[in-house]
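Listed in order, the protein sequences are those of chains A, B, C and D. If you're matching positions, the first sequence starts at 441 in the numbering used here and goes up one per residue. If you're matching positions, the second sequence starts at 2 in the numbering used here and goes up one per residue. If you're matching positions, the third sequence starts at 6 in the numbering used here and goes up one per residue. If you're matching positions, the fourth sequence starts at 6 in the numbering used here and goes up one per residue.
Certain hints may be false.
[Said to hold, decoys possible] If you want a taste of the chain D side facing chain B, the calculated C-beta under 10 Å gives, among others:
{"id": "1", "residue": "S17"}
{"id": "2", "residue": "P21"}
{"id": "3", "residue": "Q22"}
These aren't lab readings, by the way, just hints derived from the structure by calculation. For every residue, glycine included, the Cβ atom is placed at its ideal position computed from N, Cα and C.
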Amino acid sequence: MDNAVIDQAVLDRHGIKPDEYDKIRELIGREPNLLELGLFSVMWSEHCSYKSSRLHLKTLPTTGRRVVQGPGENAGAVDIGDGMCAVFKIESHNHPSFIEPYQGAATGVGGIIRDIFTMGARPIALLNALRFGSLETPLARRIFEGVVAGVGGYGNSIGIPTIGGEIYFDASYAGNPLVNVLCLGLAHKDDIIKGAAHGEGNPVFYVGAKTGRDGIHGATMASAEFDEKSAEKRPAVQVGDPFMEKLLMEACLEVMRTGAVLGIQDMGAAGLTCATSEMSSRGGTGMDVEVTRVPQRETGMIPYEIMLSESQERMLLVVDKGRERDVQEVFEKWDLHAEQIGTVTTSGRVRLFEHGVLVAEVPTKALTDEGPLYRRPMSEPSWQREVQKLPFDAIGASAAPQVAFMTLLASPVIASKRWAYQQYDHTVGTNTIARPGTAAGVTRIKGSSRGLAVSVDCNGRFCYLDPYRGAMLAVAESSRNVACVGAEPIGGTNNLNFGNPERPEIMWQLGESIRGIGDACRALDIPITGGNVSLYNETEGEAIYPTPVVGVVGLLDDATRTVTRQFRTDGASVVLLGDNLGELGGSEYLALMHETVAGPAPALDLSREQALQRLVIRIIRDGLIESAHDCAEGGLAVTLAESCFDTAFGVSADVKTATGAPAAFAINATLFGESASRIVVSVRDEHLNTVLASAHSAKVPATVIGKVGGDRITIAVDGARPIDVVKSDAEREWATSIEKKMSRPETRGK
Amino acid sequence: MKFAVVVFPGSNSDRDAWHAASQVLGEQAELVWHKDTALSGADAVILPGGFAYGDYLRTGAIARFSPIMAAVSRFAERGGPVIGICNGFQVLLEAGLLPGAMVRNRGIKFVSRHVHVRVEHSDTPFTAACRPNEVLELPIAHGEGNYFADPSTMTELDANRQVIFRYVTPTTSRSRDGDPGEGGDISDAANPNGSLNNIAGICNRARNVVGLMPHPERACELALGSADGRVVLQSMVKTFTERLTHHG
Amino acid sequence: MKARVYVTLKPSVFDPQGRVVADALTSLGYGDVKDVRQGKFFDVELEGGDAPTARQRVTEMADKLLANPVIESYRVEIL
Amino acid sequence: MKARVYVTLKPSVFDPQGRVVADALTSLGYGDVKDVRQGKFFDVELEGGDAPTARQRVTEMADKLLANPVIESYRVEIL
Ligand SMILES: Nc1ncnc2c1ncn2[C@@H]1O[C@H](COP(=O)(O)OP(=O)(O)O)[C@@H](O)[C@H]1O
Ligand SMILES: [Mg+2]
């Protein structure tokens, strides 16, 4: 294949730009052969090289007193005391989930789990952030159905509890669903192991599933000479094997304890190519690999296919020479077979052999570090300022508050997500303190009093209206949710889901969002330890809402000192922490009742946000409050209702009219406005004064707005009673809305 | 007493059972690898939840061939108490240590939530500490918990009082605090998976082998939402200590 | 040698998957669907051997592993 | 009228179920098992109708619901 001509067509199919090709020739000092071109094409792809986003990602705050591992490894790690680390990362599997929802989501879960145990950490929790088109469309329902089943099918089988997540439905995701999965793991600080290849002559082992033609990018494979060889038999769809992953996870964690493993990495994106080059690059070494030694599932596979395959559930290990046996034994115990496919060298090159014949030779750094880096042009979209205006006079009459209230509760964006999370095992592991749907995910750490809280959040609508502030709001909300269970935010990760970065306005959204995440994380003191970027999420030039999903991990000193959104005591006072500003911009109310997505995103003052979060963490630790729930989609009214759901209580509240909207909309703005930095807590009488006093000294506005009790939800605004419903009626709307929609007939047809 | 918790390659609630027995109840507990052939002096055996061999075929179908299962059968034949939880129940069915079989859940979806089960008989080593008709709130997490047996087997199960747990409606009063917690009624709505006659758990004729789909070992601490499952493990301890006092 | 083992739920056993498919088909407008039953099959490829031995061995595999006699019945076919 | 729809994974789509069954059979002593692939089938019972219409309708159902064209292929048989 060396003599295969590399013409423009071949370059196009490999997605390599002319200047990139020149750089390749310069780096290796000659014309690459097709195999070498393949290596560059996957390692220099957007997904692996971050060529469009890297310059921006560099601006994120990645250090802090607790940070043990920042971006650059398979996952980030933060110190949580007692010599332990929380290891976590988020990954997307958006496009595969559109092609084949079940397998796409399942293999997405598999990939991020490997990233975590690759670090020497035992995965203890999963969360997911999902985006679909409107549930009124069969396509969205079909994808939603498949994705949820796939997420559950994989995680349940391995026995990692799914303890939280978030789901939005919006037309902008109709052709580009988002599946972002966060995995949290636990490791002893000293057990953390890196994905680096050290020590000349050390053997390189392959273990796990056999390599097939799965996931080899169709376009890069379409080259003429392959077509005859293996025409129809090249599906891009990867199929997950959770049982194999479970064996790999247990075996790898066990083999790492032998001390015979010097470096380990999973084969995810770009498979063997990425694992061999990244490991030797990190170790400042090189690697010789005999590709025919790679266990193969299909016949007639050529080196190109073997190196680019994205078959799932495969790991690469560098073993301390002389200790091969120790490693083999552990794998055999788990009915796995580790195959030596190569050795570590000092050549600084990845050299591939086929039956001893050198078929490719590339400097490792050329693949991993010298890739193209783009400062792509950015420009604010022409329509940006326009959509930030909220033309109250042009959106029709203000809706009847109670009708709006019931409609909002039934909106899939707000309604209970139990249809989804009841398909996820959240009790396995016996560490899950807060059940899904009641708070941020909270998991205790056995053998210590501590616990970890995790939340993933992003309101894409806000990011569409204002990517900078929207991203800050995402950080603030994720961190706020973690604070609402009493945990101190200690680290963050993020998954940047955007359209085509070659379009200046998309690149602008990306740049602004990263700037927003950076500023918010600096202000709230949350180091970013890793993340993922998913670009080109668009169909027919229609991009998704900019969706920078933010995951924040928080630490609880006492895992039992936590609260949920649920009221607990009859007659307790309901207190609103923060200001009710009545901002309707980008609200679910506007989208639902006025088919309008416009207006300024809610204001955010990060110092006030931090004061609020610190306050709520303190009063939860001091056992002063019964429940805490932040105000998000649907505003104060929905937050009050949700605080009653899954409890025996109703609520009666009376609030002042917010001034953020014109008189005609004042009441709905008061009830449904989505201002940031607000938390509704419930407090027993004996603690009320203490709570109000702490709020006062923390300079956090605190207003007693009502009492827990009764069997109705009654919300008055300056005496008038816009909302007065039987709680069980409201709860039924909220609880059953999604399953009602999902019980409709489905077809596979798009 | 000493619990043996069998570990199949795809077990995922093995550590949960171990934790409940050793850390919560303070008894001895040992993880026993499925390739082992002896139970090393265990007084009770727990087959834990999980997906023993991935269970793509039929849940528990492959696990029954594991070397340890021979030892488990012998232990059971000699009257030793064996409990199969979730996947463990499925393994016991496939191994023929309990009658019947599991079919996919009625709704074909995996179901993970808390349910209420009524203790039908307290004369097994796993319910000895329960009050008559006590109702327990326990988590379930399975895709194949839809219990089936042919009519003649069903008649036998009833005749021999072998149905030990049934899915029932929630009780008004939480089961553990004083009140017997009646009000837990059998209804289709209370049946999470379509099991015949709301069956959540059964025992063998000798009553020393019990299988159930819900996870008592995941409900032994209030911090986890329910401690109702603790009574199941406590029953084993109770039975064991009583045996000792009788024979000793 | 290649053999196929068909495994079906016994008629007396309720088939949740078949039911769900039947319901879906009906609500998709196929009112003439009276019933759907789902089954599975295994294509087993054997090293060498002749048809009779293959049949006998694969039947053994079905008895031992592939089918559960309590709820399923099976049929072996040599391809 | 009764029709059967056979659904199989496309040739080079990985089949974990088959893999695990093959491994199990091997460790049960069937060393001569080279490979196992698992498939499923649906027996669809239709109200009246003749063979040609049945085939055409059931093929439609397979396209719409029974098979996943991305990873599976199917074959319709009139019983
Ligand atoms: N949005 C982001 N913010 C911070 N770090 C990121 C982001 N996206 C990717 N990274 C970091 O870049 C490195 C490479 O990412 P990735 O290729 O996804 O790793 P892997 O191949 O293990 O999934 C990782 O350390 C990841 O944490
Ligand atoms: Mg990865």
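To see whether the hints hold, each was checked on the structure:
no. : hint : verdict
1   : S17  : 19 Å, violated
2   : P21  : 6 Å, holds
3   : Q22  : 4 Å, holds
In summary, the one numbered hint that this structure violates is 1.
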